[in-house]
Amino acid sequence: MEPSKSMRDSDPFEDGLSTVNDGSRLYHVYHTMWHYDYTVTAADKRPLYYVDNSSFTPKKPDLTFHAGPDKIGPVVGVCKFLHFSRHVKLGLGDPQIVNSVEWEDLICQSYMQNKYRWQMTVPGINGMERRSFIWKRTHSVAVEGSSATMFSSRNFKLVDEQTGQIVAVFTSNAFKSMKKSGKLQITPNYGQQFDLMVLLTGLSLSSGGGGGGGGGASMALRKPHRKSRHGCLECKRRRVKCDESRPVCSNCAKRLSECEYESSSSLLWANEELNRAKSARSGSEASQPPDVTCEMTDTSGPFSQPDSVSSHSTLNLSDLELMMQWCNSTYQVLTRNDKTDVIWRFRVPEEALSYPCLMHGILALSAIQIARTRDDHQRSSYLNAAVTHQSQALASFREKLNDINDANAKAMFALSSVVVVYAFGYPRALNWDDPWMCIDELVQILVLSRGVQQVLNQATPAIRDSDWCILLRLDEYFASLPRDDLSALERLRELNTYCSTRNSTHDTDTYSIAIDYLMDMTAAGYGGLSSITVAARWAIKLKPPFVVHVRERDPLALVILAHFCALLHRLRYDWCVDQWIFRLPKAIWQVLDEYWRPYVQWAMIEVFGEDFLVENGRD
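full-length UniProt numbering puts the first residue of the sequence shown at 1, with every later residue one more than the last.
Just so you know, the hints here were simulated from the structure itself, not pulled from any lab data. There may be inaccurate statements among the hints.
To be verified - 20 Å max Cα-Cα, derived EDC-like pairs, lysine to aspartate or glutamate:
id	residue 1	residue 2
1	K339	D465
2	K543	D578
3	K180	E234
4	K60	D37
5	K180	E351
6	K236	E260
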């Protein structure tokens with residue numbers, strides 16, 4: 001295997017990389033004592049920034065950059081991971097000071113999450129100009145004097161979109177050091193603000209922002225969603241806003257174009273229809289935008305006024321099929337017994353009639369279950385339907401995250417559960433041969449599961465006092481663990497204690513809680529709890545630093561995750577986890593070295609059987 005090239009060693013014409021000049025800057029990124037916050041130093045190790053990681057603190061930026069060696073210093077930049085999104089909001093300045101922040105967006109450019117684009121105004125030949133930059137994952141280019149290990153997915157290069165040249169490189173330390181996260185080298189001298197923006201974007205990616213569930217549990221600071229996807233085909237082709245007037249929209253009327261709509265959805269926002277009707281009668285705009293929690297109306301219902309006898313053609317048969325799938329099968333992935341059957345099969349769809357976000361969520365989950373049983377052509381159609389419904393569900397879901405009350409608690413509680421199951425069950429088009437990619441995808445699900453904890457905390461009191469209270473009762477499932485399982489989990493506790501004696505910065509408490517909850521959920525599984533609730537509940541109960549430790553490739557975190565795979569294996573008949581039960585433990589086995597592999601042998605035997613150790617060598 002050829003070593004990776006440093007910025008100085010690379011051919012200036014290869015891969016668009018320019019030769020580094022003497023003005024390049026080198027930054028070192030270190031973990032703090034508990035591996036949660038960061039410190040950024042100059043090349044001479046002089047402290048420049050302290051980065052406060054508040055990923056799981058509601059209403060706070062996920063990353064806050066303080067000038068100086070600690071968080072007492074003034075705030076100079078912030079990152080906000082947009083939850084249930086792959087994008088990140090960036091700010092130069094202190095949000096607490098009015099009109100002092102210059103906001104930018106870090107946008108994921110690919111489904112594989114290996115390209116992220118952002119823009120900034122920088123000095124150019126003719127004065128200040130707007131430039132676009134793209135972070136790309138790399139194993140071929142590294143900071144000068146370093147090498148980019150293939151075992152880390154957190155090596156990035158920053159490319160100037162206009163010139164195609166590499167202007168910065170972040171190289172992760174991976175397993176080389178427990179104290180250091182990585183190094184960043186920046187080539188062009190565009191000023192201190194540019195360097196800070198590179199640090200903001202680079203560290204947000206290195207710390208896990210921009211992943212499929214966002215990087216933290218606090219929710220997105222974004223404006224309410226006002227767009228519609230129901231415009232005519234001609235306006236969509238031209239990429240212009242359609243006013244959705246029927247039978248011919250105003251754009252097509254002006255251009256004398258043929259105006260054609262896709263099949264009308266049978267589920268429409270009731271307030272939106274009322275506003276449109278008022279607008280048509282008065283000739284003025286509707287006074288208020290539709291409320292995302294308004295009731296839905298079936299336009300083909302018994303009280304509608306059909307224009308012709310063939311009004312049945314307006315029925316959305318696809319959505320009806322998905323609802324039938326939910327009531328016949330999909331609901332079972334969330335239910336635990338006959339009592340909860342009634343809630344998920346009947347009460348949840350009833351609640352969804354009043355809350356469109358929940359309706360879209362259950363239809364999305366039904367669509368991905370059906371997709372698994374269809375041929376390639378039909379599978380694609382169902383997956384597209386799932387993505388469409390899920391996008392609409394999350395758009396409404398986000399808007400209500402800060403307004404959970406007794407009225408919408410049931411809908412938000414149910415949808416938060418559906419969102420986690422959707423994340424587990426959506427088929428991944430990944431390079432599963434890359435073990436770190438598999439692990440990183442599971443990390444995103446853990447982050448998402450942790451994120452819905454905020455919803456559950458706020459909704460639980462209302463659920464506890466309602467006819468849905470049975471969903472919160474798990475006590476009856478706990479049972480004694482078999483000797484082998486108990487011994488394996490006790491060995492994890494001993495390993496955690498041993499690590500704490502060897503390393504004063506070892507996060508003993510975080511690992512103890514993860515092991516304790518894993519033991520509880522394993523006991524619940526033996527007590528008869530066989531739904532995805534087991535896996536989701538463990539993920540939700542984790543302390544935030546545990547996810548950080550997995551991201552940072554801490555071996556003990558990976559060992560515990562391997563034991564979690566044994567728990568997943570007992571759920572192998574649930575369609576939403578079957579893609580994980582073999583790939584994930586095998587990926588963990590591949591990345592652990594000979595010292596750590598003996599600690600996961602029990603988990604490997606539980607999943608693969610005794611033959612696995614024979615075929616892969618008993619370490």
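Status of each hint after checking the structure:
no., hint, verdict
1, K339 <-> D465, "holds (16 Å)"
2, K543 <-> D578, "violated (26 Å)"
3, K180 <-> E234, "violated (54 Å)"
4, K60 <-> D37, "holds (14 Å)"
5, K180 <-> E351, "violated (49 Å)"
6, K236 <-> E260, "holds (11 Å)"
Of the numbered hints stated above, those contradicted by the structure are hints 2, 3, 5, listed in ascending order.
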